[in-house]
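Enquirer: One-letter residues, chain by chain:
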Amino acid sequence: MSLIKEFTKGIIKENPVLVLALGLCPTLAVSTTIVNGIGMGIAATFVLVCSNMVISLIKNLVPNRIRIPIFITVIATFVTIVKLAMAAYFPALSKSLGIFIPLIVVNCIILGRAEGFASKHGVLKSFIDGLGMGVGFTMILVILGTCREILGSGTILGHPLFGEHFKPALLMILPPGGFFSIGILIALSNLLQKRLE
Amino acid sequence: MNIGNLMIIAISAILINNFVLSRFLGLCPFLGVSKKIDSSIGMGMAVIFVLTLASAVTWIIYEYFLLPVPQNIIYRIFHLFNTSTTPEMFDLAYLETIAFILVIASLVQLVEMVIQRVSPPLYESLGIFLPLITTNCAILGVAELNTITIHYSFIESTVHGFSAGIGFTIALILMAGIREKLELADVPPAFKGLPIAFIVAGLMSLAFLGFSGLSF
Numbered sequence: 042m043s044l045i046k047e048f049t050k051g052i053i054k055e056n057p058v059l060v061l062a063l064g065l066c067p068t069l070a071v072s073t074t075i076v077n078g079i080g081m082g083i084a085a086t087f088v089l090v091c092s093n094m095v096i097s098l099i100k101n102l103v104p105n106r107i108r109i110p111i112f113i114t115v116i117a118t119f120v121t122i123v124k125l126a127m128a129a130y131f132p133a134l135s136k137s138l139g140i141f142i143p144l145i146v147v148n149c150i151i152l153g154r155a156e157g158f159a160s161k162h163g164v165l166k167s168f169i170d171g172l173g174m175g176v177g178f179t180m181i182l183v184i185l186g187t188c189r190e191i192l193g194s195g196t197i198l199g200h201p202l203f204g205e206h207f208k209p210a211l212l213m214i215l216p217p218g219g220f221f222s223i224g225i226l227i228a229l230s231n232l233l234q235k236r237l238e
Numbered sequence: 050m051n052i053g054n055l056m057i058i059a060i061s062a063i064l065i066n067n068f069v070l071s072r073f074l075g076l077c078p079f080l081g082v083s084k085k086i087d088s089s090i091g092m093g094m095a096v097i098f099v100l101t102l103a104s105a106v107t108w109i110i111y112e113y114f115l116l117p118v119p120q121n122i123i124y125r126i127f128h129l130f131n132t133s134t135t136p137e138m139f140d141l142a143y144l145e146t147i148a149f150i151l152v153i154a155s156l157v158q159l160v161e162m163v164i165q166r167v168s169p170p171l172y173e174s175l176g177i178f179l180p181l182i183t184t185n186c187a188i189l190g191v192a193e194l195n196t197i198t199i200h201y202s203f204i205e206s207t208v209h210g211f212s213a214g215i216g217f218t219i220a221l222i223l224m225a226g227i228r229e230k231l232e233l234a235d236v237p238p239a240f241k242g243l244p245i246a247f248i249v250a251g252l253m254s255l256a257f258l259g260f261s262g263l264s265f
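Chains W and P are the protein sequences, given in the same order.
Residues in the first sequence are numbered consecutively from 42, following our numbering.
Residues in the second sequence are numbered consecutively from 50, following our numbering.
It is possible that part of the hints are untrue.
What the hints assert, rightly or not - Keeping only pairs whose Cα atoms sit at most 20 Å apart, straight-line, the calculated EDC-like set for lysine to aspartate or glutamate is: (1) W:LYS100 / W:GLU55; (2) W:LYS50 / W:GLU156; (3) W:LYS50 / W:GLU238; (4) P:LYS241 / W:GLU238; (5) P:LYS241 / W:GLU156; (6) W:LYS54 / W:GLU238.
Treat the hints as calculated values from the structure; they're not laboratory data.
Given the sequences, and given the hints that come with them, work out the whole structure.
Expert: This is the structure:
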């Protein structure tokens, strides 16, 4: 029962992007299309789950004073795995995500969960926590990606949605559109949370 | 290597490809430390300092330790003992992410210790911002851009790092000025705090988009 709670808290109550405001840089930078959003979400979820599990396994061996460099090394190892695998199997996706794949290392969600959760809890709980946070992060990326792709280029997953006379609002896939859409999304979630209470 | 080329790199990093407003690097400190102008100036100075230093150091690490080229230092040392080694045996370019983040983390620690010893007043004003900088994605981002994406030379990398820091500071100080005024504005309740900050950042980014018309 409590495991289900650990899982769902990352999606709604403690959503890393909407509520905790972590991991904003990749969220805004890669959410121009749905495919990019899904790719980034899966990559970050893999790193989050693996590093959470490893850190909860080694938490008793790590001296307290040097724990942060050790956590960062563990995270960077998994990021390197993701980076090389993505370059080998999905070269186009890896190219369009660009430097944001190596930048998963400094995504505050991952170090935040390592420091705040995995270094205090067991393996199973850390696994579930990482999975929940990863799904929450991916969900936001997909929502933003869908809105920005439909409005900004008039397509969904690359398929044209409207007739050929449709003029897309190019602004939405440019940087300002990213800032506007995340601002509106956070405001909507604030409104929703207030209604639920 | 001419001055004009360096000027173009500097102007495009400050205005056209501003790190915060068009590359989305360093958003956490941009939103976290932009509530007061004083602290945003402190943060900006710390970021300029670390960005410049990190650009120079990570460039040296990449070119002289990781790439499989004849000037690779690890290869040179092994070559002294065994002349049959070739540079290709020391291709460590895939370790670049781990190497950069560890170098940046230790660099920040070192800078903090040196400033604390040499100039206590400076440490008073910058000290609290330095630990935050390690996980600022602008630092790792500039290292990746300098070496892998664009492949600048040493001087170009350093100039790029320095001007990226200037661009970050300009955006941060402008944002802090607006947010101080925003405290008094009548914002819809759902937009209070973070959402309105994002809308403001979007408008600033829209203004900076105008610079993309600059051509040389």
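Enquirer: Taking the hints in turn, state whether each one holds.
Expert: Hint-by-hint comparison with the structure:
Under the criterion of a C-alpha separation no larger than 20 Å, the hint pairing W:LYS100 with W:GLU55 is inconsistent with the structure, at around 23 Å. For the given pair, W:LYS50 sits about 17 Å from W:GLU156 by alpha-carbon distance, which is consistent with the 20 Å threshold. Distance restraint check for W:LYS50 and W:GLU238: the Cα-Cα separation of roughly 16 Å lies within the 20 Å cut-off, and the hinted pair is therefore satisfied. As the CA atoms of P:LYS241 and W:GLU238 are separated by approximately 18 Å, the hinted pair is consistent with the 20 Å bound.
About 29 Å separates the Cα atoms of P:LYS241 and W:GLU156, which puts this hinted pair outside 20 Å; it is violated. With a C-alpha separation of about 12 Å, the suggested pairing of W:LYS54 with W:GLU238 holds against the 20 Å cut-off.
In this structure, the hints that do not hold are numbers 1, 5, in rising order.
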